[in-house]
Structures are given as structure tokens and as C-alpha cells.
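Engineer: Quick note, the sequences are listed as chains A and B, same order.
Residues in the first sequence are numbered consecutively from 205, following this note's numbering.
Residues in the second sequence are numbered consecutively from 205, following this note's numbering.
Accuracy of the hints is not assured; some may be wrong.
The list treats identical chains as one, so a pair stands whether inside a single copy or across any two.
Unchecked claim - With a straight-line Cα cutoff of 16 angstroms, these simulated EDC-like cross-link-like pairs (lysine to aspartate or glutamate) come out: (1) K210 to E423; (2) K315 to E268; (3) K315 to E267; (4) K461 to E267; (5) K315 to D443; (6) K461 to E473; (7) K210 to E424.
In case anyone wonders, no lab produced these hints; they're calculated from the structure.
All values derive from a computational prediction rather than experimental measurement.
Number of protein chains: 2
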Amino acid sequence: MPLEEKALIARLRRQAAGSSPAVVEGIGDDCAVLRPRRGCELLVTTDCTLENVHFRRAWSSPEEIGHRSLVRGLSDIAAMGGEARAAFLSLALPARLQQRWVDGFLRGLLKLAREHGVVLAGGDIAQSPGGVLADIVVVGEAPAGKAVRRSGARPGDRVYVTGELGLGAAAVVARHAGRNVPIPVPQPRLRAGRALRNIASAMIDVSDGLSTDLAHICEESGVGAVIAAGRVPAPAGIDFALHGGDDYELLFTARGKVPARVAGVRVSEIGRVVRARGLWVEARGRKLPLHPGGWEHFAR
Amino acid sequence: MPLEEKALIARLRRQAAGSSPAVVEGIGDDCAVLRPRRGCELLVTTDCTLENVHFRRAWSSPEEIGHRSLVRGLSDIAAMGGEARAAFLSLALPARLQQRWVDGFLRGLLKLAREHGVVLAGGDIAQSPGGVLADIVVVGEAPAGKAVRRSGARPGDRVYVTGELGLGAAAVVARHAGRNVPIPVPQPRLRAGRALRNIASAMIDVSDGLSTDLAHICEESGVGAVIAAGRVPAPAGIDFALHGGDDYELLFTARGKVPARVAGVRVSEIGRVVRARGLWVEARGRKLPLHPGGWEHFAR
Numbered sequence: 205m206p207l208e209e210k211a212l213i214a215r216l217r218r219q220a221a222g223s224s225p226a227v228v229e230g231i232g233d234d235c236a237v238l239r240p241r242r243g244c245e246l247l248v249t250t251d252c253t254l255e256n257v258h259f260r261r262a263w264s265s266p267e268e269i270g271h272r273s274l275v276r277g278l279s280d281i282a283a284m285g286g287e288a289r290a291a292f293l294s295l296a297l298p299a300r301l302q303q304r305w306v307d308g309f310l311r312g313l314l315k316l317a318r319e320h321g322v323v324l325a326g327g328d329i330a331q332s333p334g335g336v337l338a339d340i341v342v343v344g345e346a347p348a349g350k351a352v353r354r355s356g357a358r359p360g361d362r363v364y365v366t367g368e369l370g371l372g373a374a375a376v377v378a379r380h381a382g383r384n385v386p387i388p389v390p391q392p393r394l395r396a397g398r399a400l401r402n403i404a405s406a407m408i409d410v411s412d413g414l415s416t417d418l419a420h421i422c423e424e425s426g427v428g429a430v431i432a433a434g435r436v437p438a439p440a441g442i443d444f445a446l447h448g449g450d451d452y453e454l455l456f457t458a459r460g461k462v463p464a465r466v467a468g469v470r471v472s473e474i475g476r477v478v479r480a481r482g483l484w485v486e487a488r489g490r491k492l493p494l495h496p497g498g499w500e501h502f503a504r
Numbered sequence: 205m206p207l208e209e210k211a212l213i214a215r216l217r218r219q220a221a222g223s224s225p226a227v228v229e230g231i232g233d234d235c236a237v238l239r240p241r242r243g244c245e246l247l248v249t250t251d252c253t254l255e256n257v258h259f260r261r262a263w264s265s266p267e268e269i270g271h272r273s274l275v276r277g278l279s280d281i282a283a284m285g286g287e288a289r290a291a292f293l294s295l296a297l298p299a300r301l302q303q304r305w306v307d308g309f310l311r312g313l314l315k316l317a318r319e320h321g322v323v324l325a326g327g328d329i330a331q332s333p334g335g336v337l338a339d340i341v342v343v344g345e346a347p348a349g350k351a352v353r354r355s356g357a358r359p360g361d362r363v364y365v366t367g368e369l370g371l372g373a374a375a376v377v378a379r380h381a382g383r384n385v386p387i388p389v390p391q392p393r394l395r396a397g398r399a400l401r402n403i404a405s406a407m408i409d410v411s412d413g414l415s416t417d418l419a420h421i422c423e424e425s426g427v428g429a430v431i432a433a434g435r436v437p438a439p440a441g442i443d444f445a446l447h448g449g450d451d452y453e454l455l456f457t458a459r460g461k462v463p464a465r466v467a468g469v470r471v472s473e474i475g476r477v478v479r480a481r482g483l484w485v486e487a488r489g490r491k492l493p494l495h496p497g498g499w500e501h502f503a504r
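I would like the entire structure built from these sequences, with the hints used as guidance.
Structural biologist: Printed below as a string of C-alpha cells:
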């Protein structure tokens with residue numbers, strides 16, 4: 205049994221008591237009060253994490269699940285080149301869930317929040333008729349006009365990605381096949397995102413899979429792209445890298461020179477932006493259409 | 205069957221296309237981009253609305269349920285004396301739900317948003333293993349230092365409430381008893397809240413019931429209060445007014461003179477703030493302790 209709503213909120217209020225000049229008032233009033241930095245725009249993102257859709261309690265610790273729930277929001281702030289400031293958590297919990305699981309979930313979430321200077325400033329608690337549901341809002345900032353959109357890619361730009369792709373999707377498939385491999389714990393690329401703010405022409409985080417997320421950049425920018433299969437950092441194989449998801453790496457386009465490492469993270473050039481609308485992948489001298497597959501590909 | 209996530213987001217993006225100088229970028233990127241007004245602080249509130257906890261599909265139309273889901277957030281902005289700017293909707297839908305219901309829900313929500321100049325700027329869609337779940341975030345603004353907190357009540361202040369209390373709770377109880385009465389559709393008191401910004405010493409919205417919400421003001425302010433039962437605007441009886449919920453009226457304390465109507469809404473003086481911690485109700489010459497009951501009182 206989880207704690208009663210009032211006791212749980214009181215505990216959260218104690219645990220969340222961090223301080224930030226950006227958060228004037230956190231948990232405990234009708235609204236949180238945030239103070240935006242002068243000359244900054246505000247970034248807001250919401251991500252809903254559902255049991256048996258985004259995670260399984262049997263496959264990850266509660267700490268890891270709390271961490272991952274917040275990574276999804278922080279990664280969206282990273283993809284705009286912003287700084288994360290405050291988080292809000294709406295948690296729907298089944299009546300039979302153990303409070304120990306909730307404590308672990310919050311521990312994982314709050315540890316990651318502290319690492320990035322993010323204050324848990326509010327939220328809501330309800331009883332879930334199904335599994336655990338965590339809806340997370342992250343509020344961040346970027347200097348006015350400097351947030352990196354999906355819509356800025358232009359023909360001739362090169363396509364880049366941070367880190368490695370496909371390890372998470374490969375682990376999920378191995379788990380479904382009964383092999384007891386650990387599900388990787390992603391880190392939000394906030395520092396890399398900020399370092400890319402004046403370099404990237406368009407940026408997105410790889411949450412649904414490279415092929416789907418690159419399609420989003422191309423649609424919003426009105427362009428196409430060609431990916432060189434051999435250049436994609438794909439330790440688990442090219443299929444997982446192209447269509448897997450939950451990597452939380454940054455996928456971006458740029459015109460000028462891009463360093464090989466950004467904020468300590470490796471950057472790979474994997475393709476180019478073209479005028480013709482559509483996605484293609486080049487492998488062994490052939491150029492084939494690349495259909496946005498994404499995570500759903502594996503789910504069905 | 206509701207629409208696929210992608211189709212639903214595309215439809216929402218078209219329907220939500222309103223414009224506001226506060227929203228630079230709405231649905232369609234990793235984050236929404238908001239532009240805070242100079243000299244303003246930001247207000248953020250989240251409210252989770254669950255089927256069979258906060259509403260029943262058999263008792264209200266989908267339009268009313270969409271309206272109510274947003275009222276909860278707007279009412280929190282009103283209770284700080286703020287102006288609502290943007291809303292974010294995370295919606296978890298059962299696989300078997302009809303798209304017609306979803307359309308009605310969104311119609312009710314977006315109509316209320318437009319009436320208050322609020323832009324639906326983002327959200328998330330997922331499949332729910334249980335009933336419908338709508339988590340709503342509302343972002344608002346208030347001039348720096350002017351947001352009305354729960355913590356400003358002082359001994360000697362008078363206690364006031366807008367409108368009438370208890371009609372919603374009375375209707376829910378009647379429905380449980382099998383009587384086919386309409387569930388009232390509350391309106392967020394945004395204009396009244398702004399008008400009270402320089403009048404109220406502390407303010408909250410009545411969402412959990414007068415006794416519970418007044419207890420919140422008293423706890424945060426370190427004071428107590430005495431309510432005069434005969435002065436509470438209670439058309440459905442004093443019990444429903446004291447312990448019902450979902451009224452979304454404004455409960456506030458003030459030192460100076462308060463007009464009898466604020467922004468077209470009736471204001472009733474219902475009690476006084478005292479030094480002794482605790483809540484009391486005076487009725488027929490007797491003073492009895494008032495225990496925070498709230499909506500849960502009726503649920504059990």
C-alpha cells in the first residue's frame with residue numbers, strides 16, 4: 205500500500221527541498237512560482253511514462269524507472285539547447301503497490317534532478333486503476349531566440365548524432381526473448397545540447413528511433429536526408445540503431461564544422477540533408493528508402 | 205478506437221492553433237517555447253483527472269469532462285491572482301474508447317481555453333490500461349512578488365468566499381443515490397482572482413472542500429480560523445458547503461475592505477482569522493471544532 209496522498213506529499217516536500225534561484229516557491233501552494241532569467245525564453249515539455257508500455261517493474265529497479273521517467277523530459281530540454289530548471293510529477297499509483305517501490309522511484313528521480321540542478325516544484329498524486337503512471341513536466345530556459353528547433357535544417361547541412369544508438373532497443377528485444385540482460389540507463393545530454401546551441405541548425409532527441417526522429421526534423425524543415433549506414437554508431441547492429449528508441453542521444457544538423465567530441469560526448473557525422481523530401485539509407489553502394497519505423501516496430 | 209497517436213497529435217495541432225504573444229512555439233517541437241512578460245513571475249500547476257475518481261462518463265458529457273479537467277488548473281492560477289497563458293495535456297486513453305468521446309473532450313477543453321486566452325501548447329498521448337486519465341499543466345503569470353500565497357493570513361483578517369459552495373458535492377451524492385440530477389459545470393474565477401490580487405492576504409481555490417482548503421491556509425499561515433455557519437453561501441445545506449469539493453470558488457482572507465461583488469461574482473464574509481491554531485464553526489450560538497473533511501468524507 206502506498207502512503208496516503210497527504211503523507212506522500214509531505215514526504216516529497218521534505219525530500220524535494222532543494223533551492224534554486226529559479227524556483228521562488230515549490231511544493232505547498234496552488235501553483236509553483238518560478239522566476240525566469242531576464243532575456244530568456246521558457247521551455248516546457250511533458251512526458252507520460254506508463255507501466256508495461258515504457259517500463260516493466262520486473263526488468264528495472266524502481267530507482268532506474270524514476271531516473272528514466274525524468275530523463276525523457278530532461279532530454280527534450282537538451283534537444284532545444286536549454287537549461288533545465290524545475291520538474292513537476294503527476295503520479296498515479298495502484299492501491300496494492302508497496303511504498304518501498306514508490307520510495308525507490310522517487311530516489312532515482314530526485315538524484316538525477318539534483319545532478320542537473322533541477323528542483324521538483326510540484327505535482328499531483330492519484331490512485332491508478334491500472335499500472336503505475338508518471339507524467340513528468342520539465343521547465344527549462346534558453347536565451348531568447350536561441351532555442352534550437354526541429355525546423356532549421358537546410359539542404360547541404362550534415363547530419364550528426366551523439367553517443368551510440370540501439371543498445372536500449374536491443375536489450376528490450378533480448379528480454380522479450382527471455383535473456384536476462386540489463387536495460388541500459390540513459391543520461392540526458394544537457395551539457396552537449398547547450399554546447400550545440402550555436403552549432404546545430406536543427407536538433408531533436410532520439411526517443412522514438414533515428415528513422416522516426418530524423419523524419420520529424422525533415423518534415424518540420426521541409427527537406428529530406430540521406431544516412432550512410434556505415435557511419436551510424438551502432439554497436440548492437442544497424443537495425444536497432446535505425447529503428448530502436450529510448451536512446452536519448454541528440455540528433456542534429458549543422459552547416460559549419462562540428463567537433464568530434466562535444467561536452468565529453470562523441471559526435472558522429474552520419475549523413476546529409478537533401479532538397480528532395482524523404483529519407484534514404486546508403487549501404488554497400490546502394491541507396492534505399494528508409495521508412496520511419498521507430499519503437500513501435502518492435503512492439504508489434 | 206481512438207485515433208493513432210500521430211493522427212491525434214496532428215488533429216490537436218490544427219485545433220489548438222490559437223495565437224498568443226506568450227507562446228512563441230506550441231505543439232510540434234521537443235518543447236513548447238514561452239515568452240514571459242518582463243517583470244512577471246511564472247505560475248505552474250498540474251492536475252491529474254481520473255475516470256471514476258474525478259468523473260464518470262455516464263454522468264457528464266465528454267465536453268463537460270474536458271471543461272472540468274482544465275478548470276482544475278485554471279482555478280489554481282486564479283487562486284494565485286495570475287493570468288493563465290498556456291496549457292499542456294497528457295492524455296491516457298483506453299484502447300476501446302470511441303474517438304467521438306475524445307473529440308468531445310477536446311472540444312470542451314479547447315472552448316474554455318479560448319475563452320481565457322489560453323493556448324494548448326503541448327502534451328503527450330498514451331494508451332491507458334485502465335480508464336481515461338488527463339493530466340493538465342497550466343502555465344500562468346503574475347507581476348513579480350504579487351502572486352497571492354496561502355501563507356499570508358494574519359490574526360484579525362476576515363475570511364471570504366466567492367459564489368456558492370456545495371452544489372457539486374450535493375449533485376454527486378444525489379447521483380450515487382440514483383437521482384438523475386445534472387452535475388454542475390464550474391467556471392474558473394480568473395477575473396475575480398486578478399481583481400483580488402491587491403486585496404487578499406492569502407488565497408486558495410475550494411477544490412477539496414471549504415474545511416480542508418481553509419485548513420491549508422491556516423497551516424501555511426500559522427493561524428486558526430472561526431467560520432460563522434449562517435454566513436456561508438450554502439444553497440444545498442451547510443454540510444455540503446463545509447465538506448463538499450469541486451466548487452472552484454476562491455477562499456481568501458483580507459485585512460481591508462472587500463467589495464460585495466468582485467468581477468461580477470458575489471463575495472461573502474464567512475469568518476475571521478484567529479491566533480489559536482485550529483478551525484472552529486459557530487452555529488446557533490455554539491462554537492464547535494471543525495475537522496477538515498473534504499471530498500473524501502463523501503467518498504467513503
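Engineer: Does each hint fit the structure? Answer for all of them.
Structural biologist: Quick rundown of the hints versus the structure:
1. In this homomeric assembly, K210 and E423 come within 16 angstroms of each other (Cα to Cα) only across copies, at 13 angstroms, whereas the closest approach inside a single copy is 46 angstroms.
2. Proximity of K315 to E268 under the C-alpha cut-off of 16 angstroms is restricted to the intra-copy arrangement: shortest distance 11 angstroms within a copy versus 40 angstroms between copies.
3. Proximity of K315 and E267 under a CA criterion of 16 angstroms is satisfied intra-copy only: 9 angstroms inside one chain copy versus 40 angstroms between copies.
4. Taking the shortest Cα distances, K461 and E267 never come within 16 angstroms of each other, neither inside one copy (39 angstroms) nor across copies (52 angstroms).
5. For the homomeric pair K315 and D443, neither the shortest alpha-carbon distance inside one copy (33 angstroms) nor that between copies (44 angstroms) is at most 16 angstroms.
6. For the identical chains of this complex, K461 and E473 are intra-copy neighbours only, at 11 angstroms inside a copy versus 68 angstroms across copies, given an alpha-carbon limit of 16 angstroms.
7. For the identical chains of this complex, K210 and E424 are inter-copy neighbours only, at 14 angstroms across copies versus 44 angstroms inside a copy, given an alpha-carbon limit of 16 angstroms.
Against the hints set out earlier in the document, violations occur for numbers 4, 5.
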